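**Q** Listed here are the chains, written in short residue letters.
2 protein chains.
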Amino acid sequence: MRYSKLFAKTQKEVPSDASLISHKLLHQAGYIRESNAGRYFFLPLGNRVQNKIINVVREEMDAAGAQEMLAPVLHPLSLWQETNRDNSAGFELMKIEDRRGAAFALGGTAEEMFVDVVRKFQISYKDLPFNIYQFSLKFRDEMRARGGLLRVREFIMKDAYSFHTNEEDFKLEYKKMWDAYVRIFEKLGLKCVVVESDNGYIGGDYCHEFVVVSEAGESRFLMTEDGEYAAHEDVAKFYKEDKNSSDDELDLEEVDAVRGNTMEDGVKFHNLPLWQQIKDVVFVDDKGRYILAVIRGDFDVNEVKLKHAVDAYDLRPAHDEEIRSDLGSEPGFISPVGIRNGLKDGVELVIVGDTSLRTVKNAYGGANAKNVDLLNVNIGRDYNVDIEADIAMAEAGFLDEAGKRPLNEDKGIEVGNIFQLGYHYSNKMSGASFVDDTGMGQPFYMGCYGIGIGRTMATIAEVFNDENGLVWPKNVAPFHVYLASVGNDEEVIAKADELYKNLTASGVEVFYDDRDERPGSKFKDADLMGMPLRLVVSSRSLEAGGVEWKLRSAGSEPEIVALSELETKLADFLAN
Amino acid sequence: MRYSKLFAKTQKEVPSDASLISHKLLHQAGYIRESNAGRYFFLPLGNRVQNKIINVVREEMDAAGAQEMLAPVLHPLSLWQETNRDNSAGFELMKIEDRRGAAFALGGTAEEMFVDVVRKFQISYKDLPFNIYQFSLKFRDEMRARGGLLRVREFIMKDAYSFHTNEEDFKLEYKKMWDAYVRIFEKLGLKCVVVESDNGYIGGDYCHEFVVVSEAGESRFLMTEDGEYAAHEDVAKFYKEDKNSSDDELDLEEVDAVRGNTMEDGVKFHNLPLWQQIKDVVFVDDKGRYILAVIRGDFDVNEVKLKHAVDAYDLRPAHDEEIRSDLGSEPGFISPVGIRNGLKDGVELVIVGDTSLRTVKNAYGGANAKNVDLLNVNIGRDYNVDIEADIAMAEAGFLDEAGKRPLNEDKGIEVGNIFQLGYHYSNKMSGASFVDDTGMGQPFYMGCYGIGIGRTMATIAEVFNDENGLVWPKNVAPFHVYLASVGNDEEVIAKADELYKNLTASGVEVFYDDRDERPGSKFKDADLMGMPLRLVVSSRSLEAGGVEWKLRSAGSEPEIVALSELETKLADFLAN
Chain A
1 MRYSKLFAKT QKEVPSDASL ISHKLLHQAG YIRESNAGRY FFLPLGNRVQ
51 NKIINVVREE MDAAGAQEML APVLHPLSLW QETNRDNSAG FELMKIEDRR
101 GAAFALGGTA EEMFVDVVRK FQISYKDLPF NIYQFSLKFR DEMRARGGLL
151 RVREFIMKDA YSFHTNEEDF KLEYKKMWDA YVRIFEKLGL KCVVVESDNG
201 YIGGDYCHEF VVVSEAGESR FLMTEDGEYA AHEDVAKFYK EDKNSSDDEL
251 DLEEVDAVRG NTMEDGVKFH NLPLWQQIKD VVFVDDKGRY ILAVIRGDFD
301 VNEVKLKHAV DAYDLRPAHD EEIRSDLGSE PGFISPVGIR NGLKDGVELV
351 IVGDTSLRTV KNAYGGANAK NVDLLNVNIG RDYNVDIEAD IAMAEAGFLD
401 EAGKRPLNED KGIEVGNIFQ LGYHYSNKMS GASFVDDTGM GQPFYMGCYG
451 IGIGRTMATI AEVFNDENGL VWPKNVAPFH VYLASVGNDE EVIAKADELY
501 KNLTASGVEV FYDDRDERPG SKFKDADLMG MPLRLVVSSR SLEAGGVEWK
551 LRSAGSEPEI VALSELETKL ADFLAN
Chain B
1 MRYSKLFAKT QKEVPSDASL ISHKLLHQAG YIRESNAGRY FFLPLGNRVQ
51 NKIINVVREE MDAAGAQEML APVLHPLSLW QETNRDNSAG FELMKIEDRR
101 GAAFALGGTA EEMFVDVVRK FQISYKDLPF NIYQFSLKFR DEMRARGGLL
151 RVREFIMKDA YSFHTNEEDF KLEYKKMWDA YVRIFEKLGL KCVVVESDNG
201 YIGGDYCHEF VVVSEAGESR FLMTEDGEYA AHEDVAKFYK EDKNSSDDEL
251 DLEEVDAVRG NTMEDGVKFH NLPLWQQIKD VVFVDDKGRY ILAVIRGDFD
301 VNEVKLKHAV DAYDLRPAHD EEIRSDLGSE PGFISPVGIR NGLKDGVELV
351 IVGDTSLRTV KNAYGGANAK NVDLLNVNIG RDYNVDIEAD IAMAEAGFLD
401 EAGKRPLNED KGIEVGNIFQ LGYHYSNKMS GASFVDDTGM GQPFYMGCYG
451 IGIGRTMATI AEVFNDENGL VWPKNVAPFH VYLASVGNDE EVIAKADELY
501 KNLTASGVEV FYDDRDERPG SKFKDADLMG MPLRLVVSSR SLEAGGVEWK
551 LRSAGSEPEI VALSELETKL ADFLAN
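From first to last, the protein sequence lines are chains A and B.
Under our numbering, the final residue of the first sequence carries the number 576; numbering is consecutive throughout.
Under our numbering, the final residue of the second sequence carries the number 576; numbering is consecutive throughout.
Source of the hints: derived by calculation from the structure; they are not laboratory data.
Source: prediction; values computed, not measured.
Check each hint, because a few of them may be wrong.
When chains are identical, the list treats them as one kind, so a pair holds in a single copy or across two.
Distance condition first, Cα-Cα at most 27 Å in a straight line; then the derived DSS-like pairs of lysine-lysine [what the hints assert, rightly or not]:
{"#": "1", "residue 1": "Lys550", "residue 2": "Lys522"}
{"#": "2", "residue 1": "Lys501", "residue 2": "Lys175"}
{"#": "3", "residue 1": "Lys524", "residue 2": "Lys495"}
{"#": "4", "residue 1": "Lys9", "residue 2": "Lys176"}
{"#": "5", "residue 1": "Lys474", "residue 2": "Lys52"}
{"#": "6", "residue 1": "Lys191", "residue 2": "Lys24"}
{"#": "7", "residue 1": "Lys474", "residue 2": "Lys495"}
{"#": "8", "residue 1": "Lys175", "residue 2": "Lys5"}
{"#": "9", "residue 1": "Lys187", "residue 2": "Lys52"}
{"#": "10", "residue 1": "Lys522", "residue 2": "Lys52"}
{"#": "11", "residue 1": "Lys237", "residue 2": "Lys404"}
{"#": "12", "residue 1": "Lys175", "residue 2": "Lys243"}
{"#": "13", "residue 1": "Lys237", "residue 2": "Lys411"}
{"#": "14", "residue 1": "Lys95", "residue 2": "Lys524"}
{"#": "15", "residue 1": "Lys474", "residue 2": "Lys176"}
{"#": "16", "residue 1": "Lys522", "residue 2": "Lys126"}
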């Protein structure tokens with residue numbers, strides 16, 4: 001590729017909303033350009049990087065025995081209705097009707113589509129397992145796009161779906177995909193932490209995120225020093241140490257408490273520890289139910305865990321007025337004790353208690369009335385919960401579940417994920433079954449596996465850069481070599497032209513800066529664009545008997561390589 | 001790939017709506033599966049074919065200097081409004097709003113998007129020309145999908161857009177793309193006719209379709225025997241021979257004519273030739289104007305030509321009632337003579353006369369009243385037209401424009417097209433300009449170039465098949481070799497396994513039928529799936545010292561190839 005002919009060239013200015021280095025550099029170096037918020041053009045250089053990432057992913061997926069195919073991106077909405085995902089995916093799902101009135105979802109993920117195509121065939125246990133995947137556009141109606149390619153509204157995803165006779169067989173594939181992902185990200189130069197995570201609207205019982213540690217990321221996770229336990233904050237478990245659970249239960253006591261509404265106000269007023277206080281948080285779920293989350297005062301409620309506990313896909317905080325009128329309680333003085341007595345007719349209330357409530361005796365907290373508190377509140381004696389579960393948010397410094405190793409907190413970018421789906425889809429979609437060896441129909445046991453291609457590209461850019469620009473790993477660089485001629489000397493230009501022709505013919509990917517520009521400007525663009533190797537042809541280099549060779553990576557000094565040795569040295573560089 | 005692990009296997013049944021052989025075979029052989037009308041899954045085999053076609057197209061586009069990139073498929077609707085294509089594309093365009101209220105078109109083609117990304121950069125004449133292209137999903141809200149992959153609602157298209165300083169430079173690119181297309185379709189085994197065609201809602205002044213002659217196609221075109229002139233029926237020009245234009249003009253005469261409403265009724269009643277009759281056809285256009293098309297009686301009106309003549313993007317036949325109430329005329333007796341006298345207030349009428357009217361003197365036809373006709377009607381004397389143009393439909397047997405060579409008619413599938421766009425987009429979209437060598441802004445001169453990938457695949461299937469199934473050309477076959485083991489003999493299976501492993505390792509694409517099935521069933525699937533070469537390992541073949549070698553193409557007899565010679569023979573086969 002000749003730079004003179006390239007669309008589009010480097011830019012000085014930076015998008016006004018660009019806070020991340022990957023966003024700035026990919027824009028300035030001419031790799032991407034925003035079409036509108038969250039939707040990007042991949043310019044020729046960026047498209048080459050994206051295609052290289054796709055090829056790495058394809059190679060490893062194929063090597064793992066997965067089969068590439070392609071589904072339409074307009075999914076019949078009826079399929080999403082079969083699994084109720086038209087609701088659970090919420091506002092992120094875009095919907096459209098065609099002129100005949102057929103309704104479609106713009107695919108955000110494609111579980112239903114893949115189950116649907118599979119159930120069109122008569123699948124026998126002998127055909128199983130298989131893992132089918134695609135590279136296809138995905139749509140997310142994100143409220144807030146951010147960070148260039150990191151959180152967008154339209155992107156290419158590699159999404160794979162595996163079908164199995166049973167869980168045991170699935171687990172082999174889960175492991176295989178895990179290993180394939182490790183190899184993929186290694187090839188792409190990315191170091192991943194694999195963290196347990198939440199399945200969101202995908203469904204299933206467990207899943208893992210592949211996270212690249214980075215301040216630019218949105219995935220907060222907790223991990224033991226040795227890395228053996230790593231989990232997204234949404235699902236991280238921890239040790240809830242016992243406080244005073246062997247104390248005798250004292251008599252429940254109602255006391256006047258003219259205090260403010262916060263937990264700290266309670267601590268100050270009663271001069272008792274925070275952990276002994278009961279924390280009560282009220283939500284409203286997607287079915288209109290009130291959810292009262294009760295937890296030990298020194299913990300916070302984890303809304304994702306709470307959602308799973310009550311099987312809701314959406315929660316919002318209840319308003320003060322709702323708490324007063326519908327629950328007959330008082331913000332800042334809510335209590336599980338006797339709260340059902342004040343419920344308005346027709347109001348449904350689910351009380352969810354965190355397991356930490358069992359670590360405390362004689363707790364204190366509100367009494368469902370302004371400026372009245374209860375002392376010596378004990379679960380089981382004074383109140384019961386509808387659901388007892390782990391709904392607590394892990395924090396840095398807490399101990400792992402076994403109570404042994406402290407948890408550290410880190411942040412990163414989720415570049416891939418693998419999901420156990422189990423029977424989540426095959427139970428909901430009729431006919432999603434295979435014929436077993438006795439001739440009976442059995443539901444598929446499933447898994448799914450995603451990698452965001454554009455986000456992976458942004459992550460590489462976020463990790464590999466310096467103050468002068470991008471520093472692409474060889475495997476994903478748009479071109480191997482940035483070849484520049486310096487000056488207008490005819491011999492120089494002829495030699496550079498010849499070199500471009502010969503190297504290209506021998507399979508080296510050469511980006512040739514053939515412009516009539518000052519050397520400084522060419523070197524600046526070379527650094528900004530970030531090809532791994534820069535070759536410069538100048539009068540000086542020719543006098544010294546060759547071309548100037550300089551790696552883009554840190555600490556590389558320019559050296560002269562004789563023309564006769566160039567090809568060997570290049571082959572060596574590319575092979576290693 | 002092992003057949004035992006393939007999703008999805010061959011099918012006996014045929015889709016109920018499948019009338020085309022390509023549709024039937026691609027379905028039965030497990031290449032595609034309908035999701036819903038006009039939207040298809042590409043199953044693993046079909047996806048491989050599609051990817052191979054993409055690679056052939058990419059190779060030739062890159063060789064021609066075009067630069068691959070990628071645009072979002074949700075196009076800001078405001079861009080389509082800039083060029084008025086949100087109207088001119090009509091119902092085929094699907095539109096959607098996101099939850100913030102931003103409106104989008106689902107891209108049918110991407111001229112606006114590519115102009116938009118280009119105008120974001122400061123382009124100098126030195127940066128020009130460039131040709132940027134993508135492989136991306138396209139959406140068409142077709143009223144009627146048909147023929148499997150031939151006319152679908154969602155498909156991958158290679159669409160390219162070139163930007164130039166002027167027409168002369170553009171013409172070089174047009175030729176380059178023409179030549180690239182010839183090479184692409186040659187590599188894919190397709191013989192194309194290049195026909196002049198209509199630009200539809202793309203715009204511009206001229207364009208060419210690449211058509212593969214086939215009964216399955218929808219492109220009707222006319223061509224001289226020597227192939228030098230070939231044009232789609234929408235635009236085909238022809239020689240309108242003179243009839244009696246040197247006759248004296250006789251006096252206009254009104255006569256009673258109690259006759260039926262058809263042209264034939266007129267011929268019979270007056271006992272005059274059809275060509276002497278005036279044919280009048282009334283349409284209503286998208287702006288609500290009445291369009292009266294007047295033409296020599298032995299010709300038909302070409303609606304596409306008529307649309308261009310009046311600059312409309314939609315025409316529908318006027319209803320009888322509209323002709324009576326709004327035009328004050330009478331169906332079957334319409335005449336350009338005096339029709340303006342009967343127009344209702346506010347009705348806009350455009351009279352378009354075909355150039356053939358000049359070849360006739362003393363014509364006859366209606367008089368805008370039931371059972372009244374006019375004789376000796378002469379254009380210029382008795383009536384005038386607002387627009388005089390070629391609006392006639394060419395037919396087989398007519399002569400080419402020079403009046404020399406007869407036109408033959410043929411039908412085919414449009415697999416690609418190239419369009420001159422000129423200033424069509426750059427004049428409508430503000431800022432679509434480059435800086436010329438004097439520092440002035442100048443609009444881009446443009447072209448665009450499309451290839452439908454799925455349709456190309458269907459066309460290859462339509463052309464290459466026999467009574468037993470598909471017969472893929474080597475370049476696009478999903479695998480080079482269909483390897484089958486016959487029987488359960490351990491030695492046979494071991495040898496076949498070994499062969500599969502070795503050939504695959506040496507880069508041959510092998511589809512290995514390792515199923516425990518009868519030979520007949522394996523051979524049937526081999527024929528149906530259509531890989532170019534079938535290799536069979538059986539006890540018999542091993543006794544004879546090798547494997548059975550049989551080409552899928554017509555007339556090939558099975559022969560035994562010694563194992564020691566197989567690799568050489570295969571390399572030879574693949575290279576040629």
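**Q** For each hint given before, does the structure comply? Return the numbers of the non-compliant ones in rising order.
**A** 12, 14
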